[in-house]
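Engineer: For reference, the chains in residue letters:
Protein chains: 2
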Amino acid sequence: MTNTPKGTLYGIGLGPGDPELMTVKARRVLAASRTIAYFRKRGRVGHARAIVEGLLAAGAAEIALEYPVTTEAPVDSPSYVDAIRAFYATSAEGLATRLDAGHDIALLCEGDPFFYGSFLHMYDRLKGAFRVEVVPGITGMSGCWTAACAPITYGDDVLTILPGTLSESALAEKLAATDAAVIMKVGRNLDKVRAALATAGRLDEAIYVERGTMAGERVLPLATLDHAGAPYFSIILLPGGRGRRIAP
Amino acid sequence: MTNTPKGTLYGIGLGPGDPELMTVKARRVLAASRTIAYFRKRGRVGHARAIVEGLLAAGAAEIALEYPVTTEAPVDSPSYVDAIRAFYATSAEGLATRLDAGHDIALLCEGDPFFYGSFLHMYDRLKGAFRVEVVPGITGMSGCWTAACAPITYGDDVLTILPGTLSESALAEKLAATDAAVIMKVGRNLDKVRAALATAGRLDEAIYVERGTMAGERVLPLATLDHAGAPYFSIILLPGGRGRRIAP
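Order-wise, the sequence lines are chains G and P.
69 is the number that my numbering gives to position 69 of the first sequence; each next residue is one higher, with no gaps.
1128 is the number that my numbering gives to position 128 of the second sequence; each next residue is one higher, with no gaps.
One or more hints might be untrue.
Said to hold, decoys possible - BS3-like mimics (lysine-lysine), calculated; alpha carbons at most 30 Å apart, straight line:
1) 192(G) with 25(G)
2) 1185(P) with 1041(P)
3) 1006(P) with 1025(P)
4) 185(G) with 127(G)
5) 1025(P) with 25(G)
6) 1025(P) with 1041(P)
7) 25(G) with 1185(P)
8) 1025(P) with 1192(P)
9) 1185(P) with 185(G)
10) 6(G) with 25(G)
11) 1041(P) with 1192(P)
12) 1025(P) with 185(G)
Since the hints were derived computationally from the structure, they do not count as laboratory data.
Values in this document were obtained by computation on a predicted structure and should not be read as measured data.
Here chain G stands alone, though its shape is the one from the complex:
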């Protein structure tokens, strides 16, 4: 009997969206991968898959892991949590079957694999049984502050990264206590985030970035944004500079 060595799971950071902002290492691993996998909404090409178009090995097998919910359900509802937990479990089992058979898999990750995101659900379920190698990527927020020409931290600045899902009072308290901030997951939380910034007295400093480094990029002062909702790929920046020790 032969013992097939198990495959390796690669978590490949793709960066903020512009394919030229992938690392040399990510490009190398991707081009050598015989099997790639990625998350996407049902019925879509998938954002991660779109970034690597033209960069894959000819004939590479593709595993599309399709979220069971195509519109944002209330994320605290038990039915949502149950459905998504079952989806992650099934996805991990599918990947495990191929890894057990000796296939390496490159799992595409928008941004950086260890900074939020769905990859972590596979990582936590598979790291005990398989070798996992992570290739870091440029975060979406870094792509956004670069697109906005907005240095985020100077000198001794404190930077706080906040999900827009927090309560308005928690957001306001943390925004008032930091030098610089990035607010992720703005989307349907836009009005609440705006109110929290106003309460913290920092609305006028806030920059709104939509689709940073991608086609359709928009950068504008948050205060001038109309009250229509923000799409998923949007972020709010509160640039630092109060911690600047050496002013010009």
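Since chain G is already given, all that's left is putting chain P on it; use the hints.
Structural biologist: Frame of chain G; chain P shown alone:
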């Protein structure tokens, strides 16, 4: 009379240290640059310059901007602040002379140009007069959490980035109020940072990373590190996971 167009200043993010973790765009811009510039301590090759060894155009001109202080002086002393401010002013004037003459300059930046770092001192002084283009890079902290196999944020985690230069009480207060944290600029602040983590009740979660992604990389629980000082390229991570909505 002809009017020479002014040159462009490129801020090139080099990432955390491993040259393969540079972006494809950074490599392209660097390989095409006729003039590069970088900061370094006097008498050293310079860390940024070492990363790009073998990646520059043949015959590229090099401008080494050498810090006037080779050992860490008390950074709040007036003499330090005066010396470093004069150094940044002179450095910017030198770059401006070449940009005025129509030369593009690629200024090397460890990590990401808009996330802390000396590049910002040039950016603030030159952006009004010259075109500046920034290529984002993977931050040092991202290289460190990848090296440590430590996902830094899940789900709705709050992440706080803290300079180790803050007071012990400020550090302890912010460490107690966040899900995840990264402490930068550990170096001579190691003992203070350790005390603050203990006060916040989080010393046992802390991971110490020295020279992440570089030769001589060390990763260990902070609690097991001896009390000798930490070098400049060290960082402390407090991984998240409390904000995990979908547990396995």
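Engineer: Each hint needs a verdict: does it hold in this structure or not?
Structural biologist: The hints, checked one at a time:
no., hint, verdict
1, 192(G) with 25(G), "violated (39 Å)"
2, 1185(P) with 1041(P), "holds (17 Å)"
3, 1006(P) with 1025(P), "holds (22 Å)"
4, 185(G) with 127(G), "holds (27 Å)"
5, 1025(P) with 25(G), "holds (13 Å)"
6, 1025(P) with 1041(P), "holds (27 Å)"
7, 25(G) with 1185(P), "holds (27 Å)"
8, 1025(P) with 1192(P), "violated (39 Å)"
9, 1185(P) with 185(G), "holds (29 Å)"
10, 6(G) with 25(G), "holds (22 Å)"
11, 1041(P) with 1192(P), "holds (26 Å)"
12, 1025(P) with 185(G), "holds (27 Å)"
Against the hints set out earlier in the document, violations occur for numbers 1, 8.
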